[in-house]
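> Each protein sequence line maps, in turn, to chains A and B. When the letters of the first sequence are read in order and numbered with the numbering used here, they come out as residues 1 to 688. When the letters of the second sequence are read in order and numbered with the numbering used here, they come out as residues 1001 to 1297.
Hints were generated in silico from the structure; no laboratory data involved. Wrong hints could be hidden among the right ones.
Taking lysine to aspartate or glutamate pairs in the EDC-like style, the calculated list, with each CA pair at most 20 Å apart, reads [stated by the list, open to error]:
no., chain 1, residue 1, chain 2, residue 2
1, A, Lys358, B, Asp1124
2, A, Lys358, B, Glu1125
3, A, Lys378, A, Asp350
Okay, the calculated beta carbon distance ranges per label pair [claimed, not checked]:
no., chain 1, residue 1, chain 2, residue 2, range
4, A, Tyr59, B, Val1103, 46 to 56 Å
5, A, Lys61, B, Leu1225, 35 to 45 Å
6, A, Gly274, B, Ser1195, 33 to 43 Å
7, A, Ser529, B, Ser1195, 29 to 39 Å
8, A, Glu147, B, Ser1195, 52 to 62 Å
9, B, Ser1195, A, Asp549, 27 to 37 Å
Because the structure is a prediction, the values reported are computed rather than measured. Beta carbons are placed, not taken as given, at the ideal position from N, Cα and C, and that holds for glycine.
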Amino acid sequence: MGESLVQVRNLGIGFTSQAGATLPILQNIELAIGEGETIGLVGESGCGKSTLALAMMGYLKSGLQVLKGGSLFRGVNVFDMNERALEDIRGGNLALIPQNAGQSLTPTSRIGRQIGESVKLHTMLAKDQRRERVIELLSHVRLPQPEDMLERYPHELSGGQQQRVAIAMALAGEPEVLLLDEPTTGLDVTTQAHILELLRELAAETGTAMIYVSHDLGAIARVSDRIVVMYAGELVLEGPARRVLKQPVHPYARGLLLSIPRLKESVVPTSMPGRPPSPGRAGQGCGFADRCPMAVQRCHDEKPLLEPTASRELVRCHFHERVELLSPAEPPRRPNRANVDELDSILRLDDVAISYDKPGIVDQILGRQPNVTPTVDKIDLTVRRGETVGVVGESGSGKSTILRAIAGLLPPRSGTITYEEDESLNTSVDKRAKDLLRRVQLIFQNPDASLNPRHTVAQILAQPLRLYFGLGNDQLRERSVALLERVRLGADYLERLPSQLSGGEKQRIAVARAFAAEPDLVLCDEVTSALDVSVQAAVLDLLTQLQADRGTTYIFVSHDLAVVRAIADRVAVLYQGRLCEIGPSENVYRFPSQPYTEVLLGAVLEPDPDTRPALVAEDVADLFPPDKGCPFQRRCPRRIGDICDNETPPWQPTELGHAIRCHIPLAELHRRQEQSANTAAEKLEVST
Amino acid sequence: MTTTNIKHVQKKSALARPLAVLLAVASRPSGLVGLILVTFHLLLAVVSPAITPYDFKEMSPQLTLVGPSFEHWFGTDNLGRDVFTRTMLGGRQALLVTTIGTVFAITWGGLLGVLLGLVGGRLDELLMRLVDAFLCLPWILVLLLIVVIVGFGPSVMILTLGFFFGVPVIRMARAATHDVVALDFVTAARARGESRSTIVGRELLPNVLDVLLVEGAMRWSWMLLTFSSLSFLGFGVAPPTPDWGLMISNARGYISIAWWAALAPIVALSSLIIGINMFSDALAKALGIDRAQKAPV
Chain A
1 MGESLVQVRN LGIGFTSQAG ATLPILQNIE LAIGEGETIG LVGESGCGKS
51 TLALAMMGYL KSGLQVLKGG SLFRGVNVFD MNERALEDIR GGNLALIPQN
101 AGQSLTPTSR IGRQIGESVK LHTMLAKDQR RERVIELLSH VRLPQPEDML
151 ERYPHELSGG QQQRVAIAMA LAGEPEVLLL DEPTTGLDVT TQAHILELLR
201 ELAAETGTAM IYVSHDLGAI ARVSDRIVVM YAGELVLEGP ARRVLKQPVH
251 PYARGLLLSI PRLKESVVPT SMPGRPPSPG RAGQGCGFAD RCPMAVQRCH
301 DEKPLLEPTA SRELVRCHFH ERVELLSPAE PPRRPNRANV DELDSILRLD
351 DVAISYDKPG IVDQILGRQP NVTPTVDKID LTVRRGETVG VVGESGSGKS
401 TILRAIAGLL PPRSGTITYE EDESLNTSVD KRAKDLLRRV QLIFQNPDAS
451 LNPRHTVAQI LAQPLRLYFG LGNDQLRERS VALLERVRLG ADYLERLPSQ
501 LSGGEKQRIA VARAFAAEPD LVLCDEVTSA LDVSVQAAVL DLLTQLQADR
551 GTTYIFVSHD LAVVRAIADR VAVLYQGRLC EIGPSENVYR FPSQPYTEVL
601 LGAVLEPDPD TRPALVAEDV ADLFPPDKGC PFQRRCPRRI GDICDNETPP
651 WQPTELGHAI RCHIPLAELH RRQEQSANTA AEKLEVST
Chain B
1001 MTTTNIKHVQ KKSALARPLA VLLAVASRPS GLVGLILVTF HLLLAVVSPA
1051 ITPYDFKEMS PQLTLVGPSF EHWFGTDNLG RDVFTRTMLG GRQALLVTTI
1101 GTVFAITWGG LLGVLLGLVG GRLDELLMRL VDAFLCLPWI LVLLLIVVIV
1151 GFGPSVMILT LGFFFGVPVI RMARAATHDV VALDFVTAAR ARGESRSTIV
1201 GRELLPNVLD VLLVEGAMRW SWMLLTFSSL SFLGFGVAPP TPDWGLMISN
1251 ARGYISIAWW AALAPIVALS SLIIGINMFS DALAKALGID RAQKAPV
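From just these sequences and the hints, can you work out the full model?
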């Protein structure tokens, strides 16, 4: 490690509240980044990680002020610099790659011009050399046909390509430090894996130091040499990536790692109790004391200092040497349902096709359907009573669309949806009987949007109770309190508004509202995606408990494969609205057979330095499914020929209750997988 | 805790918000001034009949166009009537008609707008085009036409003004509903099987109410101006009922020799309108509605 490029010294940043008090959101930050180093900055939402990263560039969001200390770039405090000097180092020496590249690119100007502007601003190149440089940058970020790229507009690129362009722009000034603020959040798993590999390679090629800010330990693990864990505006642990991920010596880091669901095992991860203090509200003691399993009185009274450990970490905990001795809490077991096949079916989808296209006026008069490829097609799925079926796929794969069809919000164009063998669910919501509506409930992704901000918890829970059971005011309260207890909240929550609840509490209320109807089938649409990991674990645990108590059936849709692994008995893999594979999750995760499942599972990042993603296919997904043939034909690494383009692959049973859609015979698929695994291993050996 | 207790708490929180909003309005200097002006005018309209020094109809031919004096603070008009008395009473009819008219406009325009925002589709398309067409009409002429045909009693004025001012509210409410209708809690209510009226009343209205309130405050001041304009043209109130618009109209012929007769109603009318505008601006800010982005239609 060379001399420090960026050094944050005793930095404190805060804001002035309406009452006039100064509330710190960052405190006592000490951090040094050497040349060519990659640092991962991790923490849950609201811990101040983005504020810290932006402060290193001398940028503060409006309303924030520096309370103490500063951040030095090559020995000069960025907060003492004048505008001119800041403009010079921003983009030139320190470059930022923001979260949403699509929004950071100007929609009306061509890619070539946008990158050209950065080149012009930060280099001395003559006009005719700039074009060359832009092409060089574009090929640097592995964009195919860089010359064509110059002429394109941002909307013509996929999310991953846009992020690559943003990286190319950041590299234009040949910066010494790249600040990456959640650069892969919101991208699909496969795209994320590719972008991270690119960043790793760039770091190795150019020797640029990187500060990688993310809530996702899996992504951090992939790119960082050192990891810095933040909690409630403070740095709580800093150390070599491997040590932090394998043996975290801070109880918060340990809890965070335990709450992340893993691909390898099908258990609901351990959640952390409580919630972090709201920004600026940390007390005088250790910020984590309220949630810490080993907190004693001293932790509440006295703020621990950041002290070095024997194993070269810096940790802010009075009792850090005891953290390793903490026995892991027994992970909640899911009831073992080996005999899923014998259960009777609660829901059956037969050859369901769903389309968002409405027939135009001419078609309506002629009474014909528009002849377009439906968004979701050929869905066959049987859900058995009391099981959890996970539906996984990338964004735009039609996961939520299927749920909307089952819920009656978007009736299918063809095929049948049957509830309990005899009732049709092809109808839309307003034509369904009240009792049928009651038995199928929906939980949404974002509790901020799914709870009416103007209703108190009591009013929210009263709605289904009134609608389905016609309860009067006296019984309402009793039932609401019982419901709150079931989601482990107290009666004192009844009078609160959603804005007075934390994200996890809001989602519990949303769960309680669904369960107020005493449903048989609950459709969960990405219910944990908007939550922090520690909260996510608690919600998953709650859902499994409720299922164990009531025998409820879940259809659990998520883009997060590890979460589905934690909760689902069976899993269905969806690509561009078509099913690829379905089977017991144990089988699917352990032996992914269908090529798309293989690609998808290979790209998952885990917070474990010993795993690496296997990138077997391109990450560029097409916007529309192909008219005929296999939906995965365009990206498939195992493509065999014209048959893939022209014929819909048949269902191919592999084991009991497990089937894949592929033209290649199963044995042949496995042989090919082995082959490519071997060549990958060889390549790795050659390179090391 | 018993059930009555929850109700009690809910009632409290239902009152707490308007109170908090009023406090937030009053905490801005412009909001405070606006609030004081509006309250002053409303109070005055209620108590003025009891406290006026003279009879507003009483004419004294020997005291026409007398300047401000100790007996007649704002002087007298061309018929020798006390301008102070008439100014105090001059806002009553206008306030009565426009307050009820605004409530009427906001109610029908708001409800229709929210409903159209929810159902969408062809009905929405058709009605919105009608609204567009309607907004093209030179409204003062149409108003005059109606008033000439039907007459201008207070109830006619309330209905006509309320109808006219409700039309643009449809658009506003519809746009505000579009922001809310896409949110998951509305989808959740639909998926639950709630009726359309429940969705409008329970899910949508509470969330567009803020916009409607601000819109109402703004429309109120415009309606006041419209009413006064009609009255200025001689179609607002029947003489001898005092009204600011009519008073200005009467006094304008003598403005060079008796400025006071015109000034008093002008100051009264403008102070009320400025007060309402300041109040509605502060209200918008207190409710977190950025009028710069959501320009009134």
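> A separate judgement is required for each hint: does it hold in the structure or not?
Each hint tested on the structure:
1. A:Lys358 <-> B:Asp1124: Given that 20 Å is the threshold and the Cα spacing comes to 17 Å, the pair holds.
2. A:Lys358 <-> B:Glu1125: 16 Å, holds
3. A:Lys378 <-> A:Asp350: 8 Å, holds
4. A:Tyr59 <-> B:Val1103: 46 to 56 Å: Taking Cβ atoms as reference, Tyr59 (chain A) and Val1103 (chain B) lie about 49 Å apart, which means the hint holds.
5. A:Lys61 <-> B:Leu1225: 35 to 45 Å: Since the Cβ atoms of Lys61 (chain A) and Leu1225 (chain B) sit about 42 Å apart, the hinted range of 35 to 45 Å holds.
6. A:Gly274 <-> B:Ser1195: 33 to 43 Å: 40 Å, holds
7. A:Ser529 <-> B:Ser1195: 29 to 39 Å: At roughly 31 Å between Cβ atoms, Ser1195 (chain B) and Ser529 (chain A) fall inside 29 to 39 Å, so the hint holds.
8. A:Glu147 <-> B:Ser1195: 52 to 62 Å: Roughly 59 Å apart at Cβ, these two residues keep to the hinted range, so it holds.
9. B:Ser1195 <-> A:Asp549: 27 to 37 Å: With a Cβ separation near 31 Å, Ser1195 (chain B) and Asp549 (chain A) satisfy 27 to 37 Å, so the hint holds.
When held up to the earlier numbered hints, the structure conflicts with none and fits them all.
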